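**Q** Produce the entire structure from the sequences given, and follow the hints as far as they go.
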Amino acid sequence: MFFKANNPQDKSDQNNQRKRLVFPKISPKASIVLLIIMFSAGAGFVGGYYGNRSTSQDQKSQQILINKEGELISQIAKEVGPGVVSIDVQSNVSRNDNFFGRQNYSQRGAGTGFIISKEGIVVTNRHVIPQGVENVSVTLSDGTEFDDVSVVGKTNEGDPLDVAFLKINDKKDKNLVPVKLGDSGITEVGARVIAIGNALGQFQNTVTSGIISGYGRNIEAGDGNSTESLQNLFQTDAAINEGNSGGPLVNINGEVIGINTAVAGNAQSIGFAIPINDIKGLIKSVLEKGKLERPYLGVRYVGLNDDYAYQLNLDTTRGAYIFGSDSGPAVIDGSPADKAGLKEKDIITEVNGQKIDDKNSLSTVLAQQAVGDKVKLKVIRDGKEVVLEATLEAIPAEN
1 MFFKANNPQD
11 KSDQNNQRKR
21 LVFPKISPKA
31 SIVLLIIMFS
41 AGAGFVGGYY
51 GNRSTSQDQK
61 SQQILINKEG
71 ELISQIAKEV
81 GPGVVSIDVQ
91 SNVSRNDNFF
101 GRQNYSQRGA
111 GTGFIISKEG
121 IVVTNRHVIP
131 QGVENVSVTL
141 SDGTEFDDVS
151 VVGKTNEGDP
161 LDVAFLKIND
171 KKDKNLVPVK
181 LGDSGITEVG
191 ARVIAIGNAL
201 GQFQNTVTSG
211 IISGYGRNIE
221 AGDGNSTESL
231 QNLFQTDAAI
241 NEGNSGGPLV
251 NINGEVIGIN
261 TAVAGNAQSI
271 GFAIPINDIK
281 GLIKSVLEKG
291 KLERPYLGVR
301 YVGLNDDYAY
311 QLNLDTTRGA
321 YIFGSDSGPA
331 VIDGSPADKA
341 GLKEKDIITE
351 VNGQKIDDKN
361 SLSTVLAQQA
371 VGDKVKLKVI
381 RDGKEVVLEA
391 TLEAIPAEN
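Under the working numbering, the first residue of the sequence shown is numbered 1, with each subsequent residue one higher.
Treat the hints as calculated values from the structure; they're not laboratory data.
What you are looking at is a predicted structure, and each value in this text was computed from that prediction instead of being measured.
The beta carbon of each residue, even a glycine, is placed where N, CA and C say it ideally should be.
Incorrect hints may have been included.
As the list claims (entries may be wrong) - Label-pair ranges, simulated between beta-carbon atoms:
1) 72 to 291: 34 to 40 Å
2) 269 to 332: 23 to 29 Å
3) 139 to 287: 21 to 27 Å
4) 180 to 313: 45 to 51 Å
5) 354 to 383: 42 to 48 Å
6) 314 to 229: 22 to 28 Å
7) 324 to 391: 35 to 41 Å
8) 353 to 332: 31 to 37 Å
9) 253 to 305: 17 to 23 Å
10) 151 to 264: 27 to 33 Å
Unchecked claim - In silico lysine to aspartate or glutamate, EDC-like type, Cα no more than 16 Å apart, as pairs:
11) 171 to 147
12) 118 to 170
13) 171 to 142
14) 171 to 145
15) 284 to 145
16) 359 to 393
17) 174 to 119
18) 339 to 373
19) 378 to 344
20) 172 to 119
21) 280 to 344
22) 180 to 119
23) 374 to 338
24) 384 to 344
25) 172 to 147
26) 289 to 373
27) 343 to 288
28) 339 to 389
29) 345 to 382
30) 118 to 385
31) 339 to 393
**A** Take a look at the structure:
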């Protein structure tokens, strides 16, 4: 087949036409727009790919963290659980009856406690061991029950420390596992904690988790029949139910940093626990002397903060401000405080070099001491600093 030869000009036009059909000519401005569109599409694809991949990795990481946290809580529960006990109490209660006058009733109650010595000393709340107690039994997490249990002692009803001590007399050749005690003074808001207890008096060694929501809380706690003032408590959102009273609040190191004590009845996930440092002096007296001796100074005071200091027109904003009221004098006659020379309107700012502040109230610091200990008190009096020394004595027994 032959092709008609055309002149060079015609051939060039045909070639140019073919080029225009296959490769349309694009203006410089359109080229830039096209490049931007292509780049955006490519970037979107790549970004979407890596974004989905990143989201997937984040979800996997979160799942790993959740799993690891669950494993940690489970491990802590296994370590601490053998030292946590359920407490059953039978007591004799006297009440007035409209028809028969004053009658005696047998009443049962339940709570929680934890072992602090291989000899069988158990810590719990005072309100778990009511007046008129007749019989106390203790059950371990493995179901072992001890019936021969005595009350070593408990704080007075008006004492802001709601604490009692029991002793398992007949251990039935069982090796008891004490819990580890931590330092509640270094615990910060937001710290992860778990609560272990005999929930509702039925569900033994129930485990709940949460955080420390606050510290230095003062509350009025009651059971419907009576109320008591409790001071310097941890606030936690770890669920504390009826029957959990006296159980341990544990940090992530498996150390007991508090005693679960109360729950807000008109709110959800607001529970309270006594910091363990507040009872270390009592623990020392029980372990060393076999009896509970509560050291006391003998003053009535309010813990200062910015608001109180402003209302009282004080330059000092932290400390224990000694004051009297209708309920009693600022300094109790014949008390260690009286003998040391403390006066009304004195502000105690330090005890043995430890500052009195939001986290460490005067009662907290004194609770770490023992009867007979000498303490140096840094005091602000009329704007001047003085140092006094007091020898702590056992709080007088209730009449």
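**Q** Would you pick out the hints that fail for this structure and give their numbers low to high?
**A** 2, 5, 7, 8, 9, 15, 16, 21, 27 and 30
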